[in-house]
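*Asks:* With chain D's structure known, arrange chain X on it following the hints.
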Amino acid sequence: MKSLLRLIPFVRPYKWRILSGYLTFFIARFFEISTYYLVAMGIDNINALIKDEPLKYSLGQVAAAIVLCVTMRFVFVVHARREIRRVGIQVSYDLRQKLYASVQSQGPDFFARMGVGDIMTRAIQDISLIQRLIAFGSIQVVIMIYAPAYALTFMTAKSPSLTLLILPLLPLIFIYAWWMAKAMSVTSRDVQDRLSDLGVHVQENLGGIRTVQAQAQEDNEIQRFWRTNNAYGEAFYQQSRIQSLMGAWMPFFASAAQLVIVVYGGMRVLDGQLSVGDLVFFLSCLNMLLQPIRMAGMFVTLVQRAAVGTRRLHEIFDAEPEIKDEPTHDTPEVIRGEFELRHLTYTYPRAEEPVLQDINLHIEAGEMIGIVGRVGSGKSTLLKQFTRMVNTNRGQLFLDGHDVCDYPLAQLRMQIAQVLQDPFLFGEPLRNNISYDEPERHLEVIWDSAEAAALRDTIMEFPAQMETIVGERGVTLSGGQKQRTTLARGLIRNSPVLILDDCFSSVDTETEEHILNRLKTMRKKMTTILVSHRVSTLRHADRIIVMDEGRIVELGSHEELLKQNGIYAALERIQTQGGDPKEGLEELTLTPA
Amino acid sequence: MSEAQSQKRDHSMFDAELSGAVLNMQLLGRILRWLKPYRPVLFLSGILILVSSTVAVLMEIVISRVLVDYIITGSADSNMPDLGMIALTKWIEVQFETMPIYAAGILFAALMVVFSVTGHLHRLTLVGSIVKALRDLRQDLFSHLETRPFSFYDKVPIGRIMTRVTNDVEALYEMLRGMGSLIGEFVPFFVALTIMLSSSVELTLVLLLLVPIVGMTTFFFRRASREVFRLVRNSVSALNQNLQENLSGMQVVQLSERQERNLDVYTQINKSNRRYEFRSINISTLYGAFNDSLASVGLGVIIWYGGGQVVQDQMSLGGVILFTRFMNMLFTPVVMLGEQLNVLFRAMASGERIFQALDWDEQIHEPENPVTLPERLEGKVEFRHLNFGYLPGSPILKDVSLTVPPGEKLAIVGPTGSGKSTMIRLLGRFYDFGRGMIFLDDVDLNDLRSRDVRKRIGVVLQDFHIFSGTVLDNIILGNPDITRERAIEAAKTVNADGFIQRLPQGYDTPLVERGSNLSQGQRQLLAFARVLAADPEILILDEATASIDTETELLIQDGLRKLTEGRTSILIAHRLQTIQEADKILVLHHGVVREYGTHDELIAQKGLYYTLHELQFQDVSIDDEGNPEVEIEL
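Protein sequences, first through last, are from chains D and X. First residue of the first sequence? That's 0 in numbering that gives the first Met the number 0, and the numbers climb one at a time after it. First residue of the second sequence? That's 0 in numbering that gives the first Met the number 0, and the numbers climb one at a time after it.
Certain hints may be false.
[Stated by the list, open to error] A partial selection of chain X residues facing chain D, derived with a Cβ cut-off under 7 Å:
hint : residue
1    : SER292
2    : ASP548
3    : THR549
Read the hints as simulated data drawn from the structure, not as lab findings. Being a predicted model, the structure only gives us computed values, none of them experimental. Cβ coordinates follow ideal geometry from the N, Cα and C atoms, glycine included.
Here chain D stands alone, though its shape is the one from the complex:
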């Protein structure tokens, strides 16, 4: 519940609007109860008419006053609700802006902890819960205070003794409502969980329908689904049961209070201490008195869920960007691309073992470096150091003689182009995908980079050419085409340093040769670092690093490494000559690491 306090800064800018909303609500409520008061008065007047007693106001006057009150209430209620709901919309707008800005500054550790789906639920569900709390919940608070306050005041004025008789019923009802609300929030969570189980089950099953059918598992799966399906039905029924029980007890309590009014109030009317109108007025006030209690269940759920939502959102807002941008301003504005790795060691947050251990290496500006190693050997982590996509330790990596941590982050990432292993394309035209960092580039330049990535002919075949929309909602490209598109995205920047993370895996060797040869002439004096499993790719590099368990185990040119007859040489033999996999495995594990 405490987490709701953290919403205060978001609501504060709109405090006047909220105040105006609450105030108009207060006025609206006054007109509401006045309506009931006037109805009671009208009834007494009719009674007086029957008895031929003189009237203070005619029935027409009373009726006109009722319509006036109703109209006033309408005007004020509309204003009040609009004010409060606007605040709800404003706050959710602000929360979204903040969320978007916060996630953009986060590093890989954050995204490892929080998946895309997780963040999306927070952005969609949690923000809408808070919006609902403000738009509806806060109005309910007002009703909870105003309605009983007005009702009790007016009732006491009419008949203190009858009010006193009804009063003891209220806490009873309230306790019951509270208790029910709690039970409800448990079951409603249960229903939510079961429903999401159901969704996951269906998605997973249909996603793997070919496997299910290929293994003749349909009957099994249908039976398995029955359990999930039935569990949801049961949970749902339980929730409805509690809801219905509440729906049954509430009017029962209310009727009990009505019973008091009927019997005791009726006797007072017979005594002549109360009028018939008073009796009707009491019955109307009872409704107002019970209104907040009826809403208690909904309110408690709303508050609880919004509190959880607020907490979950703040888990994002509170996350410190792990990569600090603290430039010293004495670094060169344009980098040359010379790297010095000094005892570079890196451990991921919350991990025990370091991924990179004591790496020492000097990369000349203009050199082409190849990196090879098995999955988990630390290649990708090493690449992330250069653009500081991880929090590189101070004093371990130098670029043109300056610690990389001294450069502005933006500069590092603008001047070092990195092509990732996983070819990610945005649902936009190819042109924007290739020229992603700078959408306003000249079309000629974009075509040139497509050409360099051996993509020109492919794009020419699309009817919309560079305007072809790709991604989920557009044209589906093959794996190789995707890789070449992301490659073009890296090449177009013509940056002093280019890093290619295993981005030829789906490109056939002939095309790859073609691209690499072009690359070598294009980037003659510029630094290039490329990761690959293929010896045929690596041999283009000036020097090759073989990595294993976070260390450099071999280093040298293609020829030198072959001569060393170590892991690299073994890889070369296996890849070019084939042979028994068992022997290959032995060869790889027997080589000194």
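*Replies:* Using the frame of chain D, we list chain X on its own:
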């Protein structure tokens, strides 16, 4: 169902938004069919609501007619109806020898109990039967979808189908429950209306004039809000799409320093969303408050007009009070009806989608008198002049003839679109094809039940699908014949044991689809273990092309070798190693067998196989002259 018929199906229909704007009675009738088994309970529920709402009206009569007219003003003899409540009160007076006011209290208390109990029971029975009916409907829908053939899933996106089982069934619940409540509101509406009419026709008619106003505002509100709501929905989904894409490509965003630019784009969408939200609340607050107020205006009418009637002795004071108490019963159902219309229209569209799926009768042809296969197959596979195409006029396989003797390994290679995958899909009986084309141990595949075929043929597809459950569950896959020991044994044989042991809980480590904790290579090894544990007589494998490090690659090669040992195997191969180890190699191009023989023979031929070998068997397109060309997959 004939093949030609299946070609005529328009699968894009499945993707299209259905209109659903009309009230389709036939559709409604179909939905009710699932409620049929629960008819007695629903009938009981109907009686309960009738009792409950009548009692609610009686309680109001006790207050107005009994208390005010009979006890207080002593005008019980007025010609207004009291449904026997006054007589009942008098009877209680006599029976319990008590004062009229207490008698009224006792009556009121009794009614109160009946009202609460019947109301609760009504809701329980109603919700209970709806929940059960929809559970059954969902189960039927799922079972139906589960048995649709590959050809269906080839053309219809999974997301579209999924929402039918989840969201669309939910929408039906909303509708049925809404209709139930609507009945619950309309019963007292009519009871109250009857009493009001018999009390004062004129006053009732005056009040009823207000009802069309509510109806009209509802109509105008719906019209005014439709466009705004649509804009809100669109802007919300634009917001989510933008955020989702930005999150998925965050590394690219950060590496391209696009954060500020992207935030600007997002802010624009966010702003327009805010603008539409503002517009929508302007409309909805007006509508909500207007409807509330109208009932209160009715109160003024009752006082003014009813007062006159009382003076003319046409109504009693209690009658006027009764009218004021009935106002809500008159208005709530009308307002609710307006709200329910939205739900109803939405549900119609959902119902249409559900039944479209249920009516989709596309299926694999099953033989009338299936041949029973022997306990253990020899494992001979024969293709005899196999011709096949998914669409008429565009054949994928042309006159393919080939025999794979028991225990032999056949590697199929060929450029993209050559028909490799189709060949193995047909062998798995995932599509319908003509008689006399494919034989398993000399039995026509068309004479076998598809399920029997699949039990004998183990299939390893390119994408290994993980079902939520432990590693062991994923190997066993619900097959009761596979013991834990056998599963582990299989994993050991195909080199999967090593990495499984290194997982936090070994074989009992839970796995999740997507964001999975396994690498591509590990998934492939697990797929091998799954097939080996099932021990099929024939193996079909579509080799994955993902980038895998050399060491894992070697483990896979070794695992595959053990898997295929002594087993008839047909492999779509991309790796030189796999191809070289095959007994025979089949080179397909444009659905025609181009070359067939051993590796050395084919290399010597210097034909298509030679070219593919040069290209390292990547998935590339090759034109008729045998030159590689750039592929487009649309």
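*Asks:* For each hint, tell me whether it holds in the structure or not.
*Replies:* These are the hints, each one checked on the structure:
Interface hint status for SER292(X): upheld, as the beta-carbon distance to the closest one in chain D is roughly 4 Å, under 7 Å. Among the interface hints, the one on ASP548(X) holds; its C-beta lies about 4 Å from the nearest C-beta in chain D, closer than the 7 Å criterion. Given the 7 Å rule on beta carbons, the hint for THR549(X) holds: about 5 Å separates it from the nearest Cβ of chain D.
Of the hints listed earlier, there is not a single one the structure fails to meet.
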